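When you get a sec, could you build the whole thing from the sequences and use the hints?
Chains as they are written, first to last, in the working numbering: chain A, 16 to 372; chain B, 57 to 389; chain C, 251 to 605.
In short, the hints are calculated from the structure, not lab data.
Because the structure is a prediction, the values reported are computed rather than measured.
Listed next, the stretches of chain C that the computed footprint assigns to chain A, with coverage defined by at least 3 CB atoms under 8 angstroms from CB atoms of chain A: (1) 416–427; (2) 450–459; (3) 470–483; (4) 504–517; (5) 520–527; (6) 538–545.
Using N, Cα and C, we set each Cβ at its ideal position, and we do this for glycine too.
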Amino acid sequence: MSTPLLEVTGLQKHFPITAGLLRRQVAAVRAVDGIDLTVNKGETLGLVGESGCGKSTAGRLITRILEPTGGTVTFDGQDITHIKRGPLRDLRRDVQMIFQDPYSSLNPRHTVGTIVSAPLQIQKIPTPQGLKKAVQELLELVGLNPEHYNRYPHEFSGGQRQRIGIARALALKPKMIVADEPVSALDVSIQAQVVNLLDDLQRELDLTYLFIAHDLSVVRHISDRVAVMYLGKVVEVAPRDDLYAHPRHPYTVALMSAVPVPDPSRRDKAQRERVLLTGDVPSPIDPPSGCRFRTRCWKAQDVCASEQPPLTVLADGHQVACHFPVSDEEQHAAGSGRSAAAAQARDKIATVVADPE
Amino acid sequence: MFAYVVRRLFNVVITLLVVTMVTFGVFFLVPKLTGSDPALLYVGKTADAAALDGIRTKLGLDDPIYVQYGKFLQGLVVGRDYDAGPDTTHCAAPCFGYSFKTDQEVWPYLIDRLPVTLSLALGAAILWVIGGVGAGVISALRKGRAADRIVMTTALAGVSLPIYFTGLVSAAIFCYWLGWLPPPGYVDFAVNPLEWATNLLLPWITLAFLFAATYARLTRANMLETLSEDYIRTARAKGLRERDVVGKHGLRSGLTPLITVFGLDLGSLLGGAILTETTFNLRGLGEATLTSIRQNDLPIILGVTLFAAFFIVIANLVVDLLYAAVDPRVRLS
Amino acid sequence: MTTSVPVTELGPADLSPPKSFLEVRDLRVQFATDDGIVKSVDGVSFGLERGKTLGIVGESGSGKSVTSLAILGLHRTRSNAKVSGEIWLDGEELIKADNERVRRLRGRKMSMIFQDPLSAMHPYFTIGQQIVEAYRIHHGGSKKAAKQKAIDMLARVGIPQPSRRVDDYPHQFSGGMRQRAMIAMSLINNPELLIADEPTTALDVTVQAQILDLIRDLQEEFGSAVIMITHDLGVVAELADDILVMYGGKAIERGPAEAVFRTPEHPYTWGLLGSMPRLDREVRDRLNPIKGTPPSLINLPSGCSFHPRCPYAGRNGDRSFTERPELTGTTHAVACHMPPELRREIFIQEVSPNL
Ligand SMILES: Nc1ncnc2c1ncn2[C@@H]1O[C@H](COP(=O)(O)OP(=O)(O)OP(=O)(O)O)[C@@H](O)[C@H]1O
Ligand SMILES: Nc1ncnc2c1ncn2[C@@H]1O[C@H](COP(=O)(O)OP(=O)(O)O)[C@@H](O)[C@H]1O
Ligand code: SF4
Ligand code: SF4
Ligand SMILES: [Mg+2]
Ligand SMILES: [Mg+2]
Chain A
16 MSTPLLEVTG
26 LQKHFPITAG
36 LLRRQVAAVR
46 AVDGIDLTVN
56 KGETLGLVGE
66 SGCGKSTAGR
76 LITRILEPTG
86 GTVTFDGQDI
96 THIKRGPLRD
106 LRRDVQMIFQ
116 DPYSSLNPRH
126 TVGTIVSAPL
136 QIQKIPTPQG
146 LKKAVQELLE
156 LVGLNPEHYN
166 RYPHEFSGGQ
176 RQRIGIARAL
186 ALKPKMIVAD
196 EPVSALDVSI
206 QAQVVNLLDD
216 LQRELDLTYL
226 FIAHDLSVVR
236 HISDRVAVMY
246 LGKVVEVAPR
256 DDLYAHPRHP
266 YTVALMSAVP
276 VPDPSRRDKA
286 QRERVLLTGD
296 VPSPIDPPSG
306 CRFRTRCWKA
316 QDVCASEQPP
326 LTVLADGHQV
336 ACHFPVSDEE
346 QHAAGSGRSA
356 AAAQARDKIA
366 TVVADPE
Chain B
57 MFAYVVRRLF
67 NVVITLLVVT
77 MVTFGVFFLV
87 PKLTGSDPAL
97 LYVGKTADAA
107 ALDGIRTKLG
117 LDDPIYVQYG
127 KFLQGLVVGR
137 DYDAGPDTTH
147 CAAPCFGYSF
157 KTDQEVWPYL
167 IDRLPVTLSL
177 ALGAAILWVI
187 GGVGAGVISA
197 LRKGRAADRI
207 VMTTALAGVS
217 LPIYFTGLVS
227 AAIFCYWLGW
237 LPPPGYVDFA
247 VNPLEWATNL
257 LLPWITLAFL
267 FAATYARLTR
277 ANMLETLSED
287 YIRTARAKGL
297 RERDVVGKHG
307 LRSGLTPLIT
317 VFGLDLGSLL
327 GGAILTETTF
337 NLRGLGEATL
347 TSIRQNDLPI
357 ILGVTLFAAF
367 FIVIANLVVD
377 LLYAAVDPRV
387 RLS
Chain C
251 MTTSVPVTEL
261 GPADLSPPKS
271 FLEVRDLRVQ
281 FATDDGIVKS
291 VDGVSFGLER
301 GKTLGIVGES
311 GSGKSVTSLA
321 ILGLHRTRSN
331 AKVSGEIWLD
341 GEELIKADNE
351 RVRRLRGRKM
361 SMIFQDPLSA
371 MHPYFTIGQQ
381 IVEAYRIHHG
391 GSKKAAKQKA
401 IDMLARVGIP
411 QPSRRVDDYP
421 HQFSGGMRQR
431 AMIAMSLINN
441 PELLIADEPT
451 TALDVTVQAQ
461 ILDLIRDLQE
471 EFGSAVIMIT
481 HDLGVVAELA
491 DDILVMYGGK
501 AIERGPAEAV
511 FRTPEHPYTW
521 GLLGSMPRLD
531 REVRDRLNPI
541 KGTPPSLINL
551 PSGCSFHPRC
561 PYAGRNGDRS
571 FTERPELTGT
581 THAVACHMPP
591 ELRREIFIQE
601 VSPNL
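Have a look at this one:
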């Protein structure tokens, strides 16, 4: 269970911004700015964070759709950071990606058969019982009717399209799947169907998942371990239950407490305990010095502005990038959950709102 | 912004250079390859060998192509001397050379024709913008009703009928049969503004009809799209009167995309409206283009091509600047 | 906690004058399209008091937005919609009212916050211009005074440095700030009814929490009635006093929030709750999705439109397949043929343990 399949160290992606007469590079979007991750064989690593924090970019770097600016990516013992065309094609067999938008990720002019068989044909994989049979088996595997072979994507609902995308990803019998928000565009009832499908496939095919999402409940349901990203950095990684029960990074605490709970009787409690963050995520072009979360963190002190906290392993096994991780006492302060933190956060809001930038 | 404009102007120069190079290449190299002799074109079939040689040296036709091109560029920028022994001719910048056919200097010849094309294009542009956009907006607001159908059917006719047909038919009707309008022609604006306008009226209308048809369809499509935008729904939800919803919120974004089309259309018309000019016998740049091509008059061809390219490239730049002025999301960089 | 209008008193046959601030009776909205008639809203009724919040929940295409647009009278212009039923706002019927009358109410007495604040604001006008316009349509006055009001309102919704940001264009704001600006715009005239159509769907959770907090505060301050439309059960649980669950253009369950969450009675509501992974529960091994997909509104299934997806459809003879269930019950109303006792039993025995 704990042999690493994928190892990422110091991974970076900077998108250049050019300006001026000669279009010189004047700045860069630091979409992913030095992240370390490990995904073990057979497990699901959830990657969460807010919009624009670099989740998709990280996924694209790992699947080598994008070329990393720095750092290394090792898959199954092989360094794939700057892998060449030929070996990259072999890598595609082992690592596949599923995308968020079930509408734009399928070519509307191709039939389901063509879409799902494309990877097989590109990779020239022999199909003993014939291509059509192979595709129909895949369709059945993801819960679609094999007779849908000749239909076009527009004839399917969002959930069914997502299944087509999954069938395509499974065609090459990959070892690992990077799923970028695979259920975000779907309705709740359909979302559950697809989550269950991904669950079943993992068991049956012994798959490893990197599951990217912003929905913390879905990530909790599906993941074994969870990594939290903020502004191009991984700020916390921990086994699922530990992370949700004892978040250590102030951002993780805020993120968890922000999730609305579908239980009106706990409404007041939830609101009292909520750590409301102020302001917005800063720009990845010019991230804050030191700890990137410091502009919104209620625990920030001077050292946070000057020193970047490294991702270190705490005694309880969490990997956390923070100078002052949140302790259990803080979390359960005053017997009522996170109210102490919440109170501090509210004070902080008052000052921030009053403060001109 | 400033850096942007400078860079774009630099691009303009480069583009024009490439255009001259290509045109120069095509028109001076092709005769060489096919074995026909430009000098022959210049002096005519009856010339003797001595005259031909004289012309060759004078025009530098024996020089390698890059030398000829270099001299051509030099002429454009600082002027140029054609010397063949005793008789030296100075051709002031911008020098496009001399017509093979008439021996006239090309630049004054083209400048002479510019007002005709300019009058034709600008007059028609005003008409088609007012007519086409107006009809398009009405059509969008009355979508599916009678007004929409009428506009769209007329527009279809406008797009599909060729200009020499509409032009000749309307000239026959209005000038000769009904006698309401004078026969199309060009009278200098400075000489008689009224005649300038009445003489050009028919060409304007004919040309404008063609463009108005396209603009009506474009406007309609853009307006319909805009009117289904979320921000239009927001404007209504604020309680804005429908008149203001359309007039203030709808038109501005509905018509913006037309800037691009208009800029390019006007730009290319300024290089010469070949069909209209020939149909109505107007001696503008378009007519010059046609004649020069027919007569294989290389210096003039080069001249008109460069003129046309210049207008289009400048129109492009103006369009982009305008766009940035209208749409705050567009950053010039 | 609950609205004072018992559900049974509402309906097409009811001619009594409205008792609530907002009363919607048998609202129907149909669109004529090339493929046929889309019955987007099909006989929806509810009531709402001042100072209260009604949450409308349902999956995409269930008719939530169409309902809200109908209340604002936005199906009137350039639309292929046919609207019928009654909408009573503060004693005034809106469906039969003339266009000019409804226009005057729009943005003033009732206003709306839209889902996607980027596309819902005009890209060519500054935030300030758009808010000023919203104010001056109904109050007139000088632009300068209106701009000051806009700045105050932006400050109120938590935009830092409002006097500078008021001249920014929407694209210069972040998603959360845009939604705040949108809220400022819809509150500038002190509306008595505020409809928020998925106001946080396009936002991140931390920003969502800020916005929900803001809406809650503002409601306390202004005492408006709020309709909160969303597909996120968590969001309604945070805000709503009453909940209306929609499926296929119909209201299938309605009642006080506590009741709908604690003892939901409609199989579809059970399905929704079972589909959601929840942070406040132990991790389940599997989710319990609803089988199949939402129906097409052009070709709704016969009888109960949920029957192709309902595990209990067979328990009522053939009634589920042939007869449309009416929304019945007083405070907590449900549209299902199963007898209430059976529903409660099924919920306690089969459904509740798996939530
Ligand atoms: N091709 C690109 N050029 C420049 N910037 C980019 C490019 N792709 C992404 N970015 C920027 O990199 C950052 C991270 O983007 P990314 O798509 O990885 O975010 P994300 O975490 O997946 O967000 P979301 O939850 O919205 O999908 C963003 O600021 C984005 O604008
Ligand atoms: N202008 C329109 N013409 C035709 N159908 C429409 C129109 N507007 C909405 N609909 C349909 O009405 C149904 C309900 O839509 P809507 O209320 O927007 O759903 P939601 O519950 O997601 O807000 C959908 O099936 C939608 O396609
Ligand atoms: S390092 Fe400082 S600013 Fe960053 S999260 Fe920890 S306490 Fe907050
Ligand atoms: S009426 Fe029948 S099909 Fe509809 S929800 Fe009730 S049991 Fe299910
Ligand atoms: Mg993404
Ligand atoms: Mg909607």
